[in-house]
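Colleague: Sequence:
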Amino acid sequence: RPIYHRKEDRIRAHVTLCWLALLLARIAENACGATWPQLRRELDRIHLGAFTGPAGTFRQRTEITKAQRDILAQLGIDPPPRIYQLTPAGP
1 RPIYHRKEDR
11 IRAHVTLCWL
21 ALLLARIAEN
31 ACGATWPQLR
41 RELDRIHLGA
51 FTGPAGTFRQ
61 RTEITKAQRD
71 ILAQLGIDPP
81 PRIYQLTPAG
91 P
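Residue numbers for the sequence shown follow our numbering, beginning at 1 and rising by one.
A few of these clues could be false.
[Claimed, not checked] Pair by pair, the computed Cβ-Cβ distance ranges are:
{"no.": "1", "residue 1": "Arg12", "residue 2": "Thr57", "range": "17 to 25 Å"}
{"no.": "2", "residue 1": "Ala89", "residue 2": "Glu8", "range": "21 to 29 Å"}
{"no.": "3", "residue 1": "Ala13", "residue 2": "Leu48", "range": "22 to 30 Å"}
{"no.": "4", "residue 1": "Ile46", "residue 2": "Glu8", "range": "19 to 27 Å"}
{"no.": "5", "residue 1": "Pro88", "residue 2": "Arg61", "range": "14 to 22 Å"}
Don't read these hints as lab results, they were simulated from the structure. Here the structure is a predicted model, which is why all the values come from computation and not from measurement. Glycine included, each C-beta is placed from N, C-alpha and C at the ideal position.
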């Protein structure tokens, strides 16, 4: 029984979310042939940086490595766009 939940519906929701997380981890492991910690360590290296200059602000992700691209392909996920958001400076 989760410590921070006392109501029955919240406990059920918590257990359901934990079960779904475990299921997704196992699906990823089976699809990629690697353990969840290995997959997570590799995918955790993808970052999103915000850059501001006189022309405006943009958000850009780090370059995706071959290993990261392979993991995403095995999971059937398209790589995120290189430029995520572009906001021109105001007048």
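Colleague: Holds or violated: the 17 to 25 Å window for the beta-carbon distance between arginine 12 and threonine 57?
Modeller: violated, 42 Å
Colleague: 14 to 22 Å was suggested as the range; check whether the CB atoms of proline 88 and arginine 61 agree with it.
Modeller: holds, 20 Å
Colleague: CB of alanine 89 to CB of glutamate 8, is that within 21 to 29 Å?
Modeller: Since alanine 89 and glutamate 8 have Cβ atoms about 52 Å apart, the given range 21 to 29 Å is violated.
Colleague: Lying within 19 to 27 Å: is that true of the beta-carbon distance isoleucine 46 to glutamate 8?
Modeller: violated, 38 Å
Colleague: Is 22 to 30 Å right for how far apart the beta carbons of alanine 13 and leucine 48 are?
Modeller: holds, 29 Å
Figure legend: structure checked against the earlier numbered hints; hints not met, in rising order: 1, 2, 4.
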